[in-house]
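Chemist: Starting from the known structure of chain A, arrange chain U on it as the hints suggest.
Those sequence lines, one after another, are chains A and U. First residue of the first sequence? That's 0 in numbering that gives the first Met the number 0, and the numbers climb one at a time after it. First residue of the second sequence? That's 0 in numbering that gives the first Met the number 0, and the numbers climb one at a time after it.
Hints in this document: simulated from the structure, not taken from any laboratory. Here a beta-carbon is modelled for each residue, glycine too, at the ideal position from N, C-alpha and C. Be a bit skeptical, because a hint or two may be false.
[Said to hold, decoys possible] Computed list of lysine-lysine pairs in DSS-like fashion (alpha-carbon distance at most 30 Å, straight line):
no., chain 1, residue 1, chain 2, residue 2
1, U, K38, A, K141
2, A, K141, A, K109
3, A, K34, U, K44
4, U, K20, A, K141
5, A, K109, A, K152
6, A, K145, U, K38
7, U, K20, A, K145
8, A, K89, A, K109
9, U, K38, A, K89
[As the list claims (entries may be wrong)] Quick list of simulated restraints, FRET-style, between CB atoms:
no., chain 1, residue 1, chain 2, residue 2, range
10, A, K2, U, E58, 52 to 58 Å
11, A, N79, U, G84, 27 to 33 Å
12, A, D171, U, P99, 36 to 42 Å
13, A, D142, U, E58, 26 to 32 Å
14, A, A170, U, A77, 54 to 60 Å
15, U, I73, A, F49, 33 to 39 Å
16, A, N70, U, T43, 18 to 24 Å
17, A, R166, U, G97, 47 to 53 Å
18, U, A77, A, G119, 22 to 28 Å
19, A, E156, U, A77, 45 to 51 Å
20, U, D68, A, E156, 27 to 33 Å
21, A, D142, U, R81, 35 to 41 Å
22, U, G55, A, P108, 41 to 47 Å
23, U, G97, A, F49, 39 to 45 Å
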Amino acid sequence: MTKVVRTVLADGACHEVACAVLRDGVTSPVLELLKQLEEGNWPDPNIEEFPDEYQANTRRRFLAHVEYLANFGELEYGFNRLDEGIWEIKVESLRVTFFDTPGDGTFQPKFGEVYDGWDGRRAIAFPTDLDEFIRVGHYFGKDGQKAPPHDVKRSIEVREEDLAHDRNREADVAG
Amino acid sequence: MTEIAKQMSLVELEERSDEGKREMSAARAGVRVTNLLRKAFRLTKSSQRKLAERLGVSEGRVSQVLNSDGNLRITTIARYLRAMGYELQLEAIPVERGVPDLRTTRHSRRNKKPVHVFGNTNSGSNEQTTVILTDSPHIKNLSLESMHYLGQFQHQGTSSGSASYRAQRHAMNGFIQYELV
Numbered sequence: 000m001t002k003v004v005r006t007v008l009a010d011g012a013c014h015e016v017a018c019a020v021l022r023d024g025v026t027s028p029v030l031e032l033l034k035q036l037e038e039g040n041w042p043d044p045n046i047e048e049f050p051d052e053y054q055a056n057t058r059r060r061f062l063a064h065v066e067y068l069a070n071f072g073e074l075e076y077g078f079n080r081l082d083e084g085i086w087e088i089k090v091e092s093l094r095v096t097f098f099d100t101p102g103d104g105t106f107q108p109k110f111g112e113v114y115d116g117w118d119g120r121r122a123i124a125f126p127t128d129l130d131e132f133i134r135v136g137h138y139f140g141k142d143g144q145k146a147p148p149h150d151v152k153r154s155i156e157v158r159e160e161d162l163a164h165d166r167n168r169e170a171d172v173a174g
Numbered sequence: 000m001t002e003i004a005k006q007m008s009l010v011e012l013e014e015r016s017d018e019g020k021r022e023m024s025a026a027r028a029g030v031r032v033t034n035l036l037r038k039a040f041r042l043t044k045s046s047q048r049k050l051a052e053r054l055g056v057s058e059g060r061v062s063q064v065l066n067s068d069g070n071l072r073i074t075t076i077a078r079y080l081r082a083m084g085y086e087l088q089l090e091a092i093p094v095e096r097g098v099p100d101l102r103t104t105r106h107s108r109r110n111k112k113p114v115h116v117f118g119n120t121n122s123g124s125n126e127q128t129t130v131i132l133t134d135s136p137h138i139k140n141l142s143l144e145s146m147h148y149l150g151q152f153q154h155q156g157t158s159s160g161s162a163s164y165r166a167q168r169h170a171m172n173g174f175i176q177y178e179l180v
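In isolation and in its complexed conformation, chain A is listed as follows (with noise of 0.2 Å):
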């Protein structure tokens, strides 16, 4: 079986933060994301005219969250819970999903607890138990309130596909 590779993006003290593969074992959509971003030509909801110049800057704001997440092991900002262990970064409109594990295709929601908000609004605090492994999978823009359900139902599509890698890899290991 040919070996998945995954494309880091940041490697911490607290987390291995990488791009969650699809089940071709070679495609990895936020890769794809962070090339249109390069390019500005992420088909960002809320822009018009492309190329975006403003994108590149997006793109290293993201990558600036995901250092930050795989240093320090939390987010007191731009981020999102949504279902079934899924969360999401958020950089503008610019949405990216993501899921931990601890590396062995195995994987338990976490859930983040309930307080106070800065504006008075009932808040979820990043989750302190996230599992070694973080994967980004799925990406979208906003256009609404809420993640659009195919959207998060495709995140979690993604993360079994990725997931089935580290499974099969065991597998493999063990028979």
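Modeler: Same frame as chain A, now just chain U:
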């Protein structure tokens, strides 16, 4: 676990060019500033209204700052942190070979060093707390080797929450002693 863990990360690759280094540094600073402000706000259990009152600004302005991308005036960051009980400190770390370390300071010619006392009494009564005396205000940054460890003693009290202490330096019988005041 990831197969290419030994290879450079994308963040490291981003910083191969001079422009990449500069722009990642700027993006990193923005993210850190907002994380810092939001963390201070969350842990001190501040409210938007109280903070606005303390700063003499509108709640809308507080919201704007806490919801920013971190691209704020340095004086604004310092004011907000101070209003929440923190002093902003700046540090430039050398990351290129051959640049001097800006963190070194002139050796003090003064004998009298300020003494900082670290230690909190936990909530509850009659709890003993170890208090450490040091001449550095940054106990978190001190290693055992570098810490000027001046003394340790027990405090017994009934106070709740955190408590701060001040120490006074005395020369008695040829020995330097530190006392809580």
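Chemist: Given the proposed pairing of K145 (chain A) with K38 (chain U), does the C-alpha separation stay at or below 30 Å?
Modeler: holds (25 Å)
Chemist: Holds or violated: 35 to 41 Å for the Cβ distance of D142 (chain A) and R81 (chain U)?
Modeler: Because 39 Å falls inside the window, the suggested range holds.
Chemist: May I ask you to test the hint 36 to 42 Å on the CB atoms belonging to D171 (chain A) and P99 (chain U)?
Modeler: Given range 36 to 42 Å: violated, Cβ gap about 52 Å.
Chemist: Next pair to validate is K109 (chain A) with K152 (chain A); report whether the Cα-Cα distance is within 30 Å.
Modeler: Holds - the C-alpha atoms of K152 (chain A) and K109 (chain A) are around 17 Å apart, at most 30 Å.
Chemist: Between A77 (chain U) and G119 (chain A), is the Cβ distance one that fits in 22 to 28 Å?
Modeler: 25 Å Cβ-Cβ, so the 22 to 28 Å window holds.
Chemist: Taking the beta carbons of N70 (chain A) and T43 (chain U), is their distance inside 18 to 24 Å?
Modeler: holds (23 Å)
Chemist: Would you say the C-beta atoms of A170 (chain A) and A77 (chain U) sit inside 54 to 60 Å of each other?
Modeler: holds (56 Å)
Chemist: Can you let me know if the beta-carbon spacing of I73 (chain U) and F49 (chain A) is within 33 to 39 Å?
Modeler: About 35 Å separates the Cβ atoms of I73 (chain U) and F49 (chain A), which means 33 to 39 Å holds.
Chemist: Could you grab the alpha-carbon distance between K141 (chain A) and K109 (chain A) and see if it respects the 30 Å cut-off?
Modeler: holds (23 Å)
Chemist: Check whether the Cα positions of K34 (chain A) and K44 (chain U) lie no farther apart than 30 Å.
Modeler: violated (40 Å)
Chemist: Given the hint that K38 (chain U) pairs with K141 (chain A), does the C-alpha gap stay at or below 30 Å?
Modeler: holds (25 Å)
Chemist: Is the hinted range of 27 to 33 Å satisfied by the C-beta distance from D68 (chain U) to E156 (chain A)?
Modeler: holds (31 Å)
The structure does not agree with the numbered hints 3, 7 and 12 stated previously, though it agrees with the rest.
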